[in-house]
Amino acid sequence: MDMKVAKKLGLKERYTLMTRDLAWDTTYQPMDKVFPQVTFEGIKIHDWDKWEDPFRLTMDAYWKYQAEKERKLYAILDAFNQNNGHLSVTDARYMNVLKLFLGSTPPLELMAARGFSMVGRQMVGAGPRVACQMQAVDEYRHFQTQIHSISNYNKFYNGMDEFAHQQSRMWYLSDGKSFFDDAITAGPFEFMVAIGFAFEYVLTNILFVPFISGAAYNGDMAAMTVGFSAQSDEARHMTLGLECIKFMLEQDPDNLPIVQRWIDKWTWRGTRKLASVGMMMDYMLPKRIMSFKEAWEIYFEQNGAALFTDLARYGITVPKCFSQTIEEKEHVTHQSWIGFYMKPDATPFHTWIPGKEELDWLSEKYPNTFDKYYRPVYEFLDQQEKTGNRFNNKTQPMNCQVCVSTIKFNEPGDPMSTCFRETRYKGEKFHFCSDHCKDIFEHEPEKYVQTYISSHQGLQGNCAPEGVDVNAPDFNPGDHIADYWKLDKRATGDFNGSEDQKNFAAWRDQATKN
Amino acid sequence: MAIKALADYDFPSSDALENYKGKQLLYINWERHRMFSRPFVLALTPDTPFSVIVDQYITNCYSYHPDFAHIDWTQVVWQNSDTVFHPDMTKSLQENGIGHKDLIRFTTPGLDGIAGTGY
Chain W
11 MDMKVAKKLG LKERYTLMTR DLAWDTTYQP MDKVFPQVTF EGIKIHDWDK WEDPFRLTMD
71 AYWKYQAEKE RKLYAILDAF NQNNGHLSVT DARYMNVLKL FLGSTPPLEL MAARGFSMVG
131 RQMVGAGPRV ACQMQAVDEY RHFQTQIHSI SNYNKFYNGM DEFAHQQSRM WYLSDGKSFF
191 DDAITAGPFE FMVAIGFAFE YVLTNILFVP FISGAAYNGD MAAMTVGFSA QSDEARHMTL
251 GLECIKFMLE QDPDNLPIVQ RWIDKWTWRG TRKLASVGMM MDYMLPKRIM SFKEAWEIYF
311 EQNGAALFTD LARYGITVPK CFSQTIEEKE HVTHQSWIGF YMKPDATPFH TWIPGKEELD
371 WLSEKYPNTF DKYYRPVYEF LDQQEKTGNR FNNKTQPMNC QVCVSTIKFN EPGDPMSTCF
431 RETRYKGEKF HFCSDHCKDI FEHEPEKYVQ TYISSHQGLQ GNCAPEGVDV NAPDFNPGDH
491 IADYWKLDKR ATGDFNGSED QKNFAAWRDQ ATKN
Chain P
126 MAIKALADYD FPSSDALENY KGKQLLYINW ERHRMFSRPF VLALTPDTPF SVIVDQYITN
186 CYSYHPDFAH IDWTQVVWQN SDTVFHPDMT KSLQENGIGH KDLIRFTTPG LDGIAGTGY
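If you read the protein sequences in the order shown, they are chains W and P. Note that my numbering has the first sequence beginning at 11, numbered continuously upward. Note that my numbering has the second sequence beginning at 126, numbered continuously upward.
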């Protein structure tokens, strides 16, 4: 008897069998009852089959690639850790980049995983569903590998162990948390614009420069390898976000104004979120790669503008905030570092005044603004620290109702004045850092009245550890908030004189001398 | 614009006045002294005298700045958000027309921060 050998499937057939052919239309219930989320935002889709799958990857191939990357990543992490790699970084100040990153980024990767899992369930077409499923797994992997790479540092340096507890409680983490809470509580299409497009496509390079290239420049092979391991995923994520934008715009002309408003909103929200990332580049990396201003020019002004030129054929225009971000690129990182420096008791990482050569570098990189507005105050604060009078602003902050940044950015055109905007809704006053955040609020006030503002919660008595009487007449929320945050006192304060600084010096001495 | 949602969408404001048990929020900012980065927030009863704001809270926070000792308090310009007003130091917040979540800004003419930078 002759054997019947089945013909090996071609790539295209395999892909179709493993993705689109796995989907079906429901029969017991109408499709719109099973997938109600795809219509309520107002986006009109006429033909889901028009979705072009940007990367033709099947699940089995995906597992294979990811497993291979994982093996390489963990081999390098193990070698780095076993060789006391943490002592080969440029300077113990570098650990503070990791601390800020750990609190702000892996928890957001987890939120992205949750978001893409939800959107994968909510979308009708099999193409986007499969892509969202893979991206959800990617994001979960990034969340884990980032934590793993930093966990070794946690054995030696202070302030890393309570990042998960602090993420939803601490003032300086509220902006990132709010960014993802806003996205994940929107509909599936807005989520795709927020995370898939604005964050992954337009702004992600700015995040990778300080963290991944910064790690490479400063001798942190662990974090650098995590970044490289994530890079091929990021390329896929960018493609998915862009494909989703094009799909919506091609499906119906009524989608254009909705998509444009989301692009305006999320480019601005992303820009605000990146102020502290820029601060890592300009102030926190002992060995700097480029200034935030230079990164903004390359990745946003040039690359971003090229992207929006490409989308112009669909009627998309550059985000409304574009020109304001160009003005602000000269200011935001300096304003952010002052904001952290003046609050030494309220972060699980250290701050410091840049050394003279570092101030010179900032003067050179920011010729229009640094000497005129920022250098004198840093020199003043440096003198104060040296006479034992280190700046410590013990008050609680005022925050923007939308982006939840502290209200610290300047009035456009006037770097000497703080920008304030406000509106009233149902008789209550709400404050914003900018026109763009005010616009976002006014479009959906019902959503943003719920914003969690850490200082307000403290004043309501919601941020005290158990056993503290918040109704006592002498109750002062500031007395308890550090305990509520589980803030390790050794991790707070100026870098100069910190335990991290002393330990690193002693251990490096041991490694290099008899 | 009203929010688009799949179901009824009606949630209370996180910072409604009733959440502060008889107190109200007040924000304070010293203009052109951005070394303090951002305004600070207080929760006070509406009968708190305005003088307490100056003598206690403003002094505690801002006296670190070398300009503070040079303030001529008779020349200070007070604003409630963008509106100039003339607070009566002996009267309460309420009597001075200050409500929940108002932003008090004060400008000290001639004092523009460290080396005139606004910081």
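Think of the hints as simulated: they come from the structure by calculation, not from any bench. Predicted, not measured: the structure shown is a model, and the values here were computed from it. One should not assume that every hint holds.
[Claimed, not checked] Computed beta-carbon distance windows for the label pairs: (1) P:133 - W:54: 53 to 59 angstroms; (2) W:75 - P:130: 37 to 43 angstroms; (3) P:146 - W:178: 21 to 27 angstroms.
[Claimed, not checked] Reference excerpt, derived from the structure (chain P facing chain W, CB under 10 angstroms, subset only): (4) 139; (5) 167; (6) 172; (7) 174; (8) 179; (9) 180; (10) 185; (11) 189; (12) 216; (13) 220; (14) 225; (15) 226.
[Claimed, not checked] Each computed DSS-like pair below joins lysine-lysine, with the alpha-carbon atoms no more than 27 angstroms apart: (16) P:146 - W:457; (17) W:439 - P:148; (18) P:216 - W:448.
Glycine included, every Cβ here is placed at the ideal spot set by N, Cα and C.
Exercise. Has the hinted range 21 to 27 angstroms been met by the Cβ atoms of residue 146 of chain P and residue 178 of chain W?
Worked result: holds (24 angstroms)
Problem set entry | Interface hint for residue 226 of chain P, Cβ within 10 angstroms of any Cβ on chain W | holds (4 angstroms)
For this session: Could you grab the alpha-carbon distance between residue 216 of chain P and residue 448 of chain W and see if it respects the 27 angstroms cut-off?
Result: violated (33 angstroms)
Exercise. Once the shortest beta carbon distance from residue 225 of chain P to chain W is found, is it less than 10 angstroms?
Worked result: holds (7 angstroms)
Exercise. If you take the shortest Cβ to Cβ gap from residue 220 of chain P to chain W, is it below 10 angstroms?
Worked result: violated (19 angstroms)
Exercise. Is the gap between the beta carbons of residue 75 of chain W and residue 130 of chain P within 37 to 43 angstroms?
Worked result: Given a distance of about 39 angstroms, which is inside 37 to 43 angstroms, the answer is holds.
Exercise. Within a Cα-Cα threshold of 27 angstroms, do residue 439 of chain W and residue 148 of chain P meet the stated pairing?
Worked result: holds (15 angstroms)
Exercise. In this structure, is the beta-carbon distance linking residue 133 of chain P and residue 54 of chain W contained in 53 to 59 angstroms?
Worked result: Since the Cβ atoms of residue 133 of chain P and residue 54 of chain W sit about 24 angstroms apart, the hinted range of 53 to 59 angstroms is violated.
Problem set entry | Minimum beta-carbon distance criterion (10 angstroms), residue 172 of chain P to chain W | At 15 angstroms from the nearest chain W Cβ, residue 172 of chain P fails the 10 angstroms test, so the hint is violated.
Problem set entry | Closest C-beta approach of residue 179 of chain P to chain W relative to 10 angstroms, hint status | violated (15 angstroms)
Problem set entry | Interface restraint verdict for residue 167 of chain P against chain W (beta-carbon cut-off 10 angstroms) | Status holds, d = 8 angstroms.
Problem set entry | Hint check: 10 angstroms Cβ-Cβ cutoff, residue 216 of chain P to chain W | violated (21 angstroms)
Hints 1, 6, 7, 8, 9, 12, 13 and 18 from the list above are not met by this structure, while the remaining hints are.
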